[in-house]
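Novice: Read off the chains here:
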Amino acid sequence: MKQAVHTLQIATRGKGLYEFTSTITEWMRHQEIQTGLLTVFCRHTSASLLIQENADPTVQTDLKAYFDRIAPDNGPYEHDYEGADDMPAHLKTALTQVQLSIPVVNGRLALGTWQGVYLFEHRVRPHRREIVLHLIGE
Amino acid sequence: MKQAVHTLQIATRGKGLYEFTSTITEWMRHQEIQTGLLTVFCRHTSASLLIQENADPTVQTDLKAYFDRIAPDNGPYEHDYEGADDMPAHLKTALTQVQLSIPVVNGRLALGTWQGVYLFEHRVRPHRREIVLHLIGE
Amino acid sequence: MKQAVHTLQIATRGKGLYEFTSTITEWMRHQEIQTGLLTVFCRHTSASLLIQENADPTVQTDLKAYFDRIAPDNGPYEHDYEGADDMPAHLKTALTQVQLSIPVVNGRLALGTWQGVYLFEHRVRPHRREIVLHLIGE
Numbered sequence: 001m002k003q004a005v006h007t008l009q010i011a012t013r014g015k016g017l018y019e020f021t022s023t024i025t026e027w028m029r030h031q032e033i034q035t036g037l038l039t040v041f042c043r044h045t046s047a048s049l050l051i052q053e054n055a056d057p058t059v060q061t062d063l064k065a066y067f068d069r070i071a072p073d074n075g076p077y078e079h080d081y082e083g084a085d086d087m088p089a090h091l092k093t094a095l096t097q098v099q100l101s102i103p104v105v106n107g108r109l110a111l112g113t114w115q116g117v118y119l120f121e122h123r124v125r126p127h128r129r130e131i132v133l134h135l136i137g138e
Numbered sequence: 001m002k003q004a005v006h007t008l009q010i011a012t013r014g015k016g017l018y019e020f021t022s023t024i025t026e027w028m029r030h031q032e033i034q035t036g037l038l039t040v041f042c043r044h045t046s047a048s049l050l051i052q053e054n055a056d057p058t059v060q061t062d063l064k065a066y067f068d069r070i071a072p073d074n075g076p077y078e079h080d081y082e083g084a085d086d087m088p089a090h091l092k093t094a095l096t097q098v099q100l101s102i103p104v105v106n107g108r109l110a111l112g113t114w115q116g117v118y119l120f121e122h123r124v125r126p127h128r129r130e131i132v133l134h135l136i137g138e
Numbered sequence: 001m002k003q004a005v006h007t008l009q010i011a012t013r014g015k016g017l018y019e020f021t022s023t024i025t026e027w028m029r030h031q032e033i034q035t036g037l038l039t040v041f042c043r044h045t046s047a048s049l050l051i052q053e054n055a056d057p058t059v060q061t062d063l064k065a066y067f068d069r070i071a072p073d074n075g076p077y078e079h080d081y082e083g084a085d086d087m088p089a090h091l092k093t094a095l096t097q098v099q100l101s102i103p104v105v106n107g108r109l110a111l112g113t114w115q116g117v118y119l120f121e122h123r124v125r126p127h128r129r130e131i132v133l134h135l136i137g138e
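Protein chains in written order, with our numbering: chain U, 1 to 138; chain D, 1 to 138; chain X, 1 to 138.
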């Protein structure tokens with residue numbers, strides 16, 4: 001049984017979904033794990049992770065618009081000195097997740113046909129987001 | 001330390017929660033793991049996983065009705081050509097999760113007294129859903 | 001490769017967030033794992049887990065108020081005999097999560113600078129909540 005860890009950075013340019021499935025699979029190719037578990041961890045409280053459909057881009061548009069409707073900027077928030085988009089960013093992170101674990105079977109992530117791994121950026125301004133990958137298996 | 005993986009299928013008949021705790025524990029009985037971690041992964045973007053109360057069935061009725069209220073069919077979605085229940089299915093999946101990991105202690109899942117593992121189907125028509133189980137431990 | 005499991009209890013005094021990051025790191029100090037994966041599991045259906053900002057306490061006030069707005073007490077719920085705050089507690093648990101896994105890198109949790117691990121209590125009356133920790137690594 002062996003383990004590997006890796007930190008990757010994703011540059012974001014405003015609210016929305018940024019797919020990084022291929023960055024993960026590229027790194028995994030060098031780890032030579034046939035059976036195992038990959039954990040993806042987002043080190044932030046105003047950006048989160050999502051596994052979603054990677055076929056039709058309107059799914060991503062709708063996801064972004066939906067979360068803006070249920071956690072709007074300029075809501076009745078006490079925490080507002082970091083900007084109108086900051087507290088809603090924390091709420092959207094709470095409603096989604098900062099960690100995903102995906103089984104590895106026959107050397108590949110066990111993702112479904114339409115599943116992609118996304119960083120969900122909730123802030124307006126550009127950010128550099130850190131994602132930690134942890135892989136265990138053999 | 002050892003690992004085991006298994007894929008199971010769940011036939012759904014419309015929106016709602018389908019418990020499969022016993023399917024998991026039945027499979028685990030043959031793996032002889034005393035201490036470990038079980039990961040449950042749903043390979044879909046319009047069905048998700050939930051650990052919820054398995055005592056009173058009205059909890060499940062209320063959960064289904066609540067998610068229909070906050071992510072209604074026929075909302076202002078761009079992505080609609082797969083049916084009125086498709087985009088809300090993606091939203092409900094984003095609001096819940098497609099992966100759960102549960103510690104194994106003394107050969108049993110460390111679930112609480114009232115916790116059951118459910119597939120949460122978000123589509124109206126019948127589907128065959130694939131769930132991957134990954135177990136590591138000894 | 002080794003594993004460790006531990007159950008901890010958190011006494012809650014009504015709705016809100018209770019940080020227990022230091023309880024986790026204190027336990028981990030004795031396990032001597034340099035690289036690994038820590039899983040935190042909440043054995044309840046009316047309390048959940050959240051990784052959130054631990055700098056400004058108004059973030060916690062806003063989180064609590066927000067979840068009370070989107071899943072209010074006295075909503076149109078069938079399941080109500082355990083109290084007006086019970087069904088919304090299940091909904092809030094479904095909207096957040098009962099399990100978190102965090103990579104361990106160089107002997108430390110790979111949390112970001114502002115991330116803390118919280119129990120999110122959704123019931124009004126005091127409760128004793130059980131959290132199971134599972135650690136694997138070496």
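It should be emphasised that the hints constitute simulated quantities derived from the structure, not laboratory data.
These figures come from a predicted structure and were not determined experimentally.
Please note that a few of the clues may not be correct.
Since the list gives no way to pick one copy over another, a pair counts as held whenever it fits inside one copy or between any two copies.
What the hints assert, rightly or not - Under the rule of at most 20 Å between Cα atoms (straight-line distance), these lysine to aspartate or glutamate pairs were calculated in the EDC-like manner:
1) Lys2 <-> Glu26
2) Lys64 <-> Glu78
3) Lys2 <-> Glu82
Novice: Hint by hint, note whether the structure agrees.
Specialist: Results of checking the hints against the structure:
In this homomeric assembly, Lys2 and Glu26 come within 20 Å of each other (Cα to Cα) only inside a single copy, at 18 Å, whereas the closest approach across copies is 26 Å. Taking CA atoms no more than 20 Å apart as the test, Lys64 paired with Glu78 passes between copies only; the shortest distance there is 12 Å, against 23 Å inside one copy. For the homomeric pair Lys2 and Glu82, neither the shortest alpha-carbon distance inside one copy (42 Å) nor that between copies (43 Å) is at most 20 Å.
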